[in-house]
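J.: Since the structure of chain A is already known, use the hints to place chain B on it.
There are 2 protein chains.
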Amino acid sequence: INAICQLQRPEFSHTSICNRCHECCGGLRVLYWPQLPNKPDMLNVHLVPHTHDDVGWLKTVDQYYYGDRNDIQHAGVQYILDSVVDQLIKNPDRRFIYVETAFFYRWWKQQSSATQQTVKQLVDEGRLEFVNGGWCMSDEATTHYSAVIDQMTIGLRFLNETFGPCGRPRVAWHIDPFGHAREHASMFAQMGYDGLFFGRLDYQDRAHRMREKEQELLWRASDSLTPPMADLFTGILPNGYNPPEGFCWDQFCDDPPIRDDPDLEDYNVDDVVKRFLAIAKNQATVYKTNHIIMTMGSDFQYENANLWYKNLDKLIHYVNALQAKGSKVNVLYSTPSCYLQELHRANLTWALKTDDFFPYADDAHDFWTGYFTSRPALKRYERISNGNLQVICNQLEVLGGPVSRKGPFGEGDSQTMKKAMAVAQHHDAVSGTEKQHVANDYARKLAEGWQHCQVVVSNSLAGLSSSSAERIYCDNLNVSVCPLTETRSYCSIINNTDPMHLVHVNCTCMCFLNIIHMTKYRKLNICVYVLQFLQVTFDPDTGLLSSLSNLETKQTIKLTQNFYWYNASDGKNMDSSQPSGAYIFRPNSSTPFGISRTAKTETVQTSVVQEVRQWFAPWVSQVVRLYTDSRTLELEWTVGPVPIDDHLGKEVITRLDTSIKTSEIFYTDSNGREVLQRRKDFRPTWQLKQSEPIAGNYYPINSRAFIKDDEDQLTVVTDRSQGGASIQNGSLEIMLHRRLLYDDFRGVGEPLNEISSIFPEGLVVRGRLLLSLDRPPTAADTHRPLAQQVVLQPLLTFTDGELNSNTRLEFSGLQAALPPAVHLLTLTQWDKDKVLLRLEHQFQSWESKRNSKPVTVNLQKLFSTLDVLGASELNLSANQWKDEMSRFDWTPQTDEKPLLKTFEDHSDWEVTLRPMEIRTFLLRVRLR
Amino acid sequence: INAICQLQRPEFSHTSICNRCHECCGGLRVLYWPQLPNKPDMLNVHLVPHTHDDVGWLKTVDQYYYGDRNDIQHAGVQYILDSVVDQLIKNPDRRFIYVETAFFYRWWKQQSSATQQTVKQLVDEGRLEFVNGGWCMSDEATTHYSAVIDQMTIGLRFLNETFGPCGRPRVAWHIDPFGHAREHASMFAQMGYDGLFFGRLDYQDRAHRMREKEQELLWRASDSLTPPMADLFTGILPNGYNPPEGFCWDQFCDDPPIRDDPDLEDYNVDDVVKRFLAIAKNQATVYKTNHIIMTMGSDFQYENANLWYKNLDKLIHYVNALQAKGSKVNVLYSTPSCYLQELHRANLTWALKTDDFFPYADDAHDFWTGYFTSRPALKRYERISNGNLQVICNQLEVLGGPVSRKGPFGEGDSQTMKKAMAVAQHHDAVSGTEKQHVANDYARKLAEGWQHCQVVVSNSLAGLSSSSAERIYCDNLNVSVCPLTETRSYCSIINNTDPMHLVHVNCTCMCFLNIIHMTKYRKLNICVYVLQFLQVTFDPDTGLLSSLSNLETKQTIKLTQNFYWYNASDGKNMDSSQPSGAYIFRPNSSTPFGISRTAKTETVQTSVVQEVRQWFAPWVSQVVRLYTDSRTLELEWTVGPVPIDDHLGKEVITRLDTSIKTSEIFYTDSNGREVLQRRKDFRPTWQLKQSEPIAGNYYPINSRAFIKDDEDQLTVVTDRSQGGASIQNGSLEIMLHRRLLYDDFRGVGEPLNEISSIFPEGLVVRGRLLLSLDRPPTAADTHRPLAQQVVLQPLLTFTDGELNSNTRLEFSGLQAALPPAVHLLTLTQWDKDKVLLRLEHQFQSWESKRNSKPVTVNLQKLFSTLDVLGASELNLSANQWKDEMSRFDWTPQTDEKPLLKTFEDHSDWEVTLRPMEIRTFLLRVRLR
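Heads up: the protein sequence lines correspond to chains A and B, in order.
Residue numbers are given in the UniProt record's numbering: position 145 of the first sequence equals residue 145, and the series is strictly consecutive.
Residue numbers are given in the UniProt record's numbering: position 417 of the second sequence equals residue 417, and the series is strictly consecutive.
Since the hints were made in silico from the structure, they are not lab data.
Wrong hints could be hidden among the right ones.
If chains are identical, the list can't say which one is meant, so a pair holds when it fits in one copy or spans any two.
Simulated crosslink set (PhoX-like; lysine-lysine; CA at most 20 Å straight-line) [stated by the list, open to error]: (1) K90 / K120; (2) K861 / K834; (3) K90 / K109; (4) K314 / K109; (5) K708 / K554; (6) K39 / K288; (7) K328 / K288; (8) K109 / K120; (9) K708 / K661.
Just chain A, with the same shape it has in the complex:
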């Protein structure tokens, strides 16, 4: 029995037959296929009508929904869904897929119950199929896995609750993101998807795969999870996500319609059919089976779906009519899951891939590696918001109980923030590739979400601390002075890294410190006043760092660090007209300009911290900071306003040059989780012809990068997503900020030149790099928890005056600290008496002798204030019971036999986590 199905939609029994070709309710695989007009002895062409609806890009998400500001771009999603539903009704053969639940949700709630019933029927019959189904189609290069899981969960939950199992997507559909992260594939596998389709990959990679018929493959997306747990069938679409040339029948297209009235001029059926057959046969030569797929749609298409369907009906009719004359081509309306099912039935072996699809280049000088860094302030704000939501808002809502949502400070909610964060994961949101006004809208949405969360937090804290004194949130504490902190006040430190640990302290003495320092301050009360862990030296002549030592391990490396800028190509050179822009990074020389060979310095030393403040230029400075009790060296950089008086666009990097022998290899994380090896001018699956020696070696860094040799590993933990590379031996560079003067011709239509009323001269960005030096076998023991600390920074709230005597000064939601390998990924209210819990093992199988091993947690002994009455395990996206997940099995071309999954939980309550495993539970709880 499909419990979640009955839970959400009790009228839907698992015996209902979804009129579609893939698994439906309760593991029942409904083979509707025989009724689909596919023919085994023919070339079957699966036409997939679809629209690609960006959750913000040139217009804001709401402008796109309503079709507002059509002067910027004609696009109105409300009309797309209206139109598609109307057209699906007209002909039962027609099919459509829909992707972005952020839009579908907006539309659904405005429909009459009659329309809703119609749509349910279309979904039940497989005529309208959801693919992907998250709130948005997330970016893969600049997102953090925790936020991606969240946004998928929101979208899929809506579909589940609205449509039951027939609304559950089986195909991940990432047609537009600009490169593909392995961690995304891993997550999709764990969410139960049968396969992934996308459109963008390196042009050399595509050419190679076309030659080898490897455009369809099996992606083994984790080096730690037991196959096939993270195996994902992956299909590369033939035309990006567009229709074949000459066959675009949207209102935005100019291709000739099928003119089949012989009484009118220009009857063209014969011509159209001939062109179509040629394209289909040609396409079949670069794929393995006698089934091929064609995406019939594109950006915001199907606003007037009649144009598409009317002509597709005719195309199918006239092409298939030729079968009577011996044609062996069969065209049908289809969906990705129907197509996937046919590939699965073919029972072939498929190429196995274990690396990822970064970086993405669509031509020799067109590397989409600029957006790894574009809009660094937005990227940071998204990351801060994620921390606030993940732990503070979600967890305090659970711990505070119902009073959190409606309490002494009014009504609050975490939904607004959840949706704002979900929208921000879109591949033109946190990626930084949207227009400026849209970037502002994303930020505004996050700020609004946080306003709603603050009420939850205030209510919850009032209960937990027994003090209903008003709480002040100084949202801009690190850039401005918060009035209350200048008077005698108390603050709560809500510590994300030690889950749900809440402390009240006297704050007056630390007004000058920014948020992240507060956790250190607390520790300061406990310890020690001498450097224990790290030591740095500076070159007295240049003022630059010269070495870094780990006092515990007694290791030292040479370390020089400085700031540079690449001169952004303006597109006026002979090789290519490609300028640097929001998407593309293209320096016009492989040698960056130094900003200054020396830094003016100033040293500040207290009992808590040692700081060397460095000034490189009026627009570049840094504080090198070492806390006495810290294992990490903090580089707090400030860059901006980037000068453009010289009419040169600038892409600013910092570079660490070390004595580590890297052999042209470095490492970057994937979406903040597993780490992948990168090698200069090299791709694991094809012979790279490197045409951009800098941009072609850049990779996304979401939370960390490191370089190492046998002795030393220098790990850099970042506070946001950035691009990085290792161009020279022993060197690691990270791009911090970009200011550009040209649009890069990928549609956004604006140069990436961030100016605002606060920064009229250009955006100033501040951030931190945290460096740790360790022996390679133990480095992860430092950087894994460190990276979580940075992602989930604590929050301060301030209270005016003295605390009253009843105030509870310290609180932890956990009965005891979790084992170091275990991270509490999600704790959030699900419904009235249930909470969603995700526990993850945060070490890869190979990276820590101490921590890379299974670890067991007892769910009932987890929380200090919650009784866990029941627990059921779910898939990663929480839209299916784990034991009901049933995915297609695929055979890789290698001989390697995937290991069988074995779960060895000790009991109902004790759950074991293996390296890099995330387990998701729905807990029935009661507040103690």
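T.: Frame of chain A, contents of chain B only:
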């Protein structure tokens, strides 16, 4: 009983109630109005959703139908009709009007019977209303009344046969034509329309009428027909035919949609409602009643009707919701006929207008008087085709009987030509304001139509002449040599001006003559070798004409004639950036350049004809021709290629300067029928501020213009529509050809610069002006039949070899010649045993002492080979029995009491025609 209704659609009884607000079946006036949500104590705003679908303009009619060549202009009428029908079904309040039957017909025949049934229901319920309903929305400045009546008849017949009385339009809807002809209004009145709405009129006229609240008026459109026979209520729409500013919700528009979800950004209901109320109240100040109309649509809009209706639904909902708070504005979906009914109910008096709406200017330097002449070759080809269709094809089809359509020469039809001619009447067709490739398509369609007609003619002639020898049609006889004419051959002269008169003659001797000469040639066999009627003199120094004399009346005038060109404005002058273009005539100086002050001449004199051949320039020449037996002087002009090496656009005129004392007055015909007086720098209904002394005095000439004083009237009959003016006393100028280098910013997007493979250096145009000099009281006795002769020129067909002895050499379809006042306007097959007959009185009431009086014809004694078994009189457009016509009666502001109509036919068979009357009959006939 509505016989035609039962005839065409027997299942439709006249007791059916059309769910609409105007007269329906069998004179039953169905007052559905009470169910419409109009409120008498409020300002009622009638929203009229509509699309304006040009029957060819930037794309051909079939490209528009299919949505082909959307790269030129996005427009697909098939989708518009699909979409509108879908949207009308969704909400019974919604309404739509459709205009162009050329498109509707194409769409209708591709629909399933289920869809056809749905559409019938929408029509019966008044949700889909046809307005205008002709095959196209004809041009008013360059069309001939006979072709306009035909195109209206075809369209209205289709609607009648398809939908019955509920499909019969009651409103004429000429929203786009560029100026409005009085004869059009007269025809509309005689077709039974209750009113006319249009959008374009002189900007000064509009301002005046807004001030005076005279934008709604009663147009008395004939000076000869007894009122209210040609009275037509006329409404001027408030925004051309567009929606008010800010309220365009089509896919082509960028106005903000109504965003009424308070959960999303930018909720704007209050703003939209406020703006709408302001516009409505403002509009109400310039109209007379508490009902106002808003056209919600524009060119090719409603391809995705959902966008419009979704937002209009909301607009109506939110504006009317304010009534609960005291608002006195009521918005409703409506149609022009519903709006008109409310105006009629208001029972007011209305301003009376007796002139016309030419010329049209939309700004001080923007007179739309260029298109009167644009594309002179197309204008001529259309006129020739009209003659061929009107008489030769239609009449021979009737006279030949069924064998005409299927006979020894195969299957032929007149339908193809009828439709080609109907399409050519469109206001961007014969007007010359379409793109070049579209002009080519109109011509191609006419040529194709004529191919189909040729089979009919051959079949018919075979029967009538008892000779089935193959017939050759030399379509280009006047520009090339027809092979057969160089051998011994016989030809048939099918004489249009003497209806159905057919003669065979030996043709060998006249190969050098062009078509029109052939009628003269025939007469030559009968007569005389000296000039009897006219005499001309030439100035021996200049080679120009110097005088013209009428030998019968013994009157002589000084007459000089020469050719000139206006330098077309390039839009680069200070007053205005308006260049001359396909629509606009704007000379950059009021003085035209002479082409040559002298002409080289050569004289040819035969017993038949005297010719003076004049050469003015390599690109301008003329033959002045006088036939010995003729009352007219023929000026055969040849102009082109107009040189543009000097980069100056040229508008070529010929000017006749005479001794006639014109007092700045001249006369032009309206659509080839009634003649109107024109006065320089003057408009009858408002105080003109003349800002373009030349272009602002141009008027359309369709068939004739004249100047006169008490003694002399010089009439010029043209062979096509042209623009003309009388700028100086005694002078008359006619624009012959235009070659321009700039687009005039009215959408066509091309300079009017005609080049083709035949004329790579630029189009050469040849044409004729026929001059007659008479005493004013008898001038019409000459120019009325002369103009018909030119419109309906004879046709030659050739037969190889000798005629066999059985061949009937002469035939006339009439028992006897018709009285001079009577013209056989239409004789065409209607269905198997019925023919449609139109007889017209071709004199105005004031113009001929001899002919301007009632004349009686006996229908049974009309035809030589047809027995007339029955006759029923119809309205002018043949879609309603005459005795069932029931039009709204309107009261003009003047005291004048309209005379009652009195019919005094002598019997069933004898019908009387009064001056300018056209009577339309359906005859049941049998071939003798």
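J.: The structure should be examined with respect to each hint, and the outcome stated for every one.
T.: Checked hints:
no.: 1; hint: K90 / K120; result: both (16 Å within a copy, 19 Å between copies)
no.: 2; hint: K861 / K834; result: within (17 Å within a copy, 99 Å between copies)
no.: 3; hint: K90 / K109; result: between (23 Å within a copy, 19 Å between copies)
no.: 4; hint: K314 / K109; result: between (34 Å within a copy, 16 Å between copies)
no.: 5; hint: K708 / K554; result: within (16 Å within a copy, 119 Å between copies)
no.: 6; hint: K39 / K288; result: within (16 Å within a copy, 69 Å between copies)
no.: 7; hint: K328 / K288; result: within (17 Å within a copy, 70 Å between copies)
no.: 8; hint: K109 / K120; result: within (13 Å within a copy, 34 Å between copies)
no.: 9; hint: K708 / K661; result: within (7 Å within a copy, 107 Å between copies)
In the structure shown, no violation is registered for any of the earlier numbered hints.
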